[in-house]
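Trainee: Below, each chain spelled out in residue letters.
There are 2 protein chains.
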Amino acid sequence: MHTDLKSPELLTTAEQLRVRVAQARAAGRKIGLVPTMGALHAGHASLIDAARRECGLTVATIFVNPTQFGPNEDFSRYPRTLEGDLVLLARHGTDCVFVPTPDQIYPPGFETTVDVGSVAQPLEGTCRPGHFQGVATVVLKLFLLAQPDVAFFGRKDYQQSLVVGCLIRDFGLPIELRVCATIREPDGLALSSRNRYLSADERQRALALSRSLALAARLVREGTLDTATIERAMRAELTAAQLAIEYVALADPETLLPLAQIDRPAVALVAARLGKTRLIDNEPITPLKNGTRLRASLSDPRE
Amino acid sequence: MHTDLKSPELLTTAEQLRVRVAQARAAGRKIGLVPTMGALHAGHASLIDAARRECGLTVATIFVNPTQFGPNEDFSRYPRTLEGDLVLLARHGTDCVFVPTPDQIYPPGFETTVDVGSVAQPLEGTCRPGHFQGVATVVLKLFLLAQPDVAFFGRKDYQQSLVVGCLIRDFGLPIELRVCATIREPDGLALSSRNRYLSADERQRALALSRSLALAARLVREGTLDTATIERAMRAELTAAQLAIEYVALADPETLLPLAQIDRPAVALVAARLGKTRLIDNEPITPLKNGTRLRASLSDPRE
Numbered sequence: 000m001h002t003d004l005k006s007p008e009l010l011t012t013a014e015q016l017r018v019r020v021a022q023a024r025a026a027g028r029k030i031g032l033v034p035t036m037g038a039l040h041a042g043h044a045s046l047i048d049a050a051r052r053e054c055g056l057t058v059a060t061i062f063v064n065p066t067q068f069g070p071n072e073d074f075s076r077y078p079r080t081l082e083g084d085l086v087l088l089a090r091h092g093t094d095c096v097f098v099p100t101p102d103q104i105y106p107p108g109f110e111t112t113v114d115v116g117s118v119a120q121p122l123e124g125t126c127r128p129g130h131f132q133g134v135a136t137v138v139l140k141l142f143l144l145a146q147p148d149v150a151f152f153g154r155k156d157y158q159q160s161l162v163v164g165c166l167i168r169d170f171g172l173p174i175e176l177r178v179c180a181t182i183r184e185p186d187g188l189a190l191s192s193r194n195r196y197l198s199a200d201e202r203q204r205a206l207a208l209s210r211s212l213a214l215a216a217r218l219v220r221e222g223t224l225d226t227a228t229i230e231r232a233m234r235a236e237l238t239a240a241q242l243a244i245e246y247v248a249l250a251d252p253e254t255l256l257p258l259a260q261i262d263r264p265a266v267a268l269v270a271a272r273l274g275k276t277r278l279i280d281n282e283p284i285t286p287l288k289n290g291t292r293l294r295a296s297l298s299d300p301r302e
Numbered sequence: 000m001h002t003d004l005k006s007p008e009l010l011t012t013a014e015q016l017r018v019r020v021a022q023a024r025a026a027g028r029k030i031g032l033v034p035t036m037g038a039l040h041a042g043h044a045s046l047i048d049a050a051r052r053e054c055g056l057t058v059a060t061i062f063v064n065p066t067q068f069g070p071n072e073d074f075s076r077y078p079r080t081l082e083g084d085l086v087l088l089a090r091h092g093t094d095c096v097f098v099p100t101p102d103q104i105y106p107p108g109f110e111t112t113v114d115v116g117s118v119a120q121p122l123e124g125t126c127r128p129g130h131f132q133g134v135a136t137v138v139l140k141l142f143l144l145a146q147p148d149v150a151f152f153g154r155k156d157y158q159q160s161l162v163v164g165c166l167i168r169d170f171g172l173p174i175e176l177r178v179c180a181t182i183r184e185p186d187g188l189a190l191s192s193r194n195r196y197l198s199a200d201e202r203q204r205a206l207a208l209s210r211s212l213a214l215a216a217r218l219v220r221e222g223t224l225d226t227a228t229i230e231r232a233m234r235a236e237l238t239a240a241q242l243a244i245e246y247v248a249l250a251d252p253e254t255l256l257p258l259a260q261i262d263r264p265a266v267a268l269v270a271a272r273l274g275k276t277r278l279i280d281n282e283p284i285t286p287l288k289n290g291t292r293l294r295a296s297l298s299d300p301r302e
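Protein chains in written order, with numbering that gives the first Met the number 0: chain A, 0 to 302; chain B, 0 to 302.
What the hints contain is simulated information worked out from the structure, not anything from laboratory work. This one's a predicted model, so the numbers in the text were calculated from it and none came from an experiment. Be aware that a few hints might be false.
Incomplete in silico selection of chain B near chain A, CB under 8 Å [stated by the list, open to error]:
#, residue
1, Thr66
2, Ile167
3, Arg168
Covered by chain A, per the in silico footprint, the following chain B stretches (three or more residues, Cβ under 8 Å) [stated by the list, open to error]:
#, region
4, 112–119
5, 145–158
6, 170–183
Idealized CB from N, CA, C, for every residue including glycine.
Here chain A stands alone, though its shape is the one from the complex:
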């Protein structure tokens, strides 16, 4: 099966990337960028597929960005699986893959940092100080090198997609952001490169993350609007599976500010540790429609 696969063109320098993109643009092709840290899985593949559907040149990048890892995080053990990544990229028809050495991204003397402000502060921003500064800096750098028309990110990293959206808006970059649906295992676990850290037991317990999100959605569907009540139920779900909760939040989907009542569209976000592995997940929460809520209220003599 692999014999008739065309490998993506491997680019390792910023100059090669610039030339390749300029060629495609001169030929009138739309440039789609899929930034990754490698250790690719079906979630990344769905981003490549989306880019291929919309763009004439699909460029993946693989760069395990040191500046978005904290000092006690998993930078050194983060999975590096370049050979397998190239097979996956070939299978999905990726045109080019940019695999820079660190000095292509961070030339000697590099000290510039980019901060996007309040949307980067809560949740991941609190648990992982400096993380989004690293993300914003490397994403802006990749955007400026690759000059894409469209950039594809996974909704699994929900807050990251908001950070990238801020960058694009604040600098007026001519880039359309596509945030693609989270891809899940059949049992609900969101795909993540970090899932391969999990033992068999942890893998089973990790299902509590997606279960807690489904629980939140069900509670809201059934009429529970009070955030504290919903979050308490989510925490109980995670704790029962012996996950060490980092945060459970029901927040505004644009600002990530906490909501007291689910009286408008929200997003539920969770982060927890299983042993040394830290996983995150999220789902949009659709509030009751007005009519439904009205009926619920009418049938409740206390209201």
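Fit chain B to the known structure of chain A by using the hints.
Mentor: Coordinates of chain B only, in the frame set by chain A:
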């Protein structure tokens, strides 16, 4: 004389700027950018002239950037002289001038900041906290909107030109930086939009800035290599004219780290206040050639 002057094309939105630049680029013209805060003088005119010599489209920008002024600085009283500015730009054959409203630069919700690291820390960075963050953020934004091939800055704002150089290097921007010589009044005062704040008496006393730089150059020419000695003489010159010194420095021209001895090329920088007006100036300092230094040493029995 003004009747046959062609006014520069006035652009007020980011979109107008983008379209204009794209047209010129498609026509094969090189784009030259001259970012200013208006209140234009012969120093700015020299930047326009340099851009015209090198580029097919010369774009000036006029934007008094609020984020590079501290809370107690002169943002509100900074001179706004748009009519005169347009005449000067027309006289020097400027093709376009981008005069954005603040929301074109800082759209609602704008919170992103750019910091360039150590070169922005000393001197102006210490005296004006946040200044270079404001500069780096707005310059990067202007670069991304205008996409120039060449950008022109004045050497009078020496540390600013280093900050801009860091931005270009760190983000791999395809922009050449031209740092153009300081333009001075016949008596030596460096041109600055802030000179118009000076009373007649202050105007006279302000000459101590350029005199202190000339003094440093003369001392080095005459064989004084000890930085502390030179800086002491410069301070005496400034103090004699009743200037309130903010800093006097002899520094490495790339890093702005202080030098103990002028045994290699250096830059002398001064900042001082006259009443409410804060002025800066700088000059390169060329050390003695080895041969000259050797002869001086040989003739000095103490060495």
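Trainee: For each hint, tell me whether it holds in the structure or not.
Mentor: Hints, verified against the model:
1. Thr66: Constraint on Thr66(B) not satisfied, violated at 12 Å.
2. Ile167: violated (10 Å)
3. Arg168: Interface hint status for Arg168(B): holds (6 Å vs cutoff 8 Å).
4. 112–119: It holds, with 7 qualifying residues against the three required.
5. 145–158: violated (count 0)
6. 170–183: holds (count 4)
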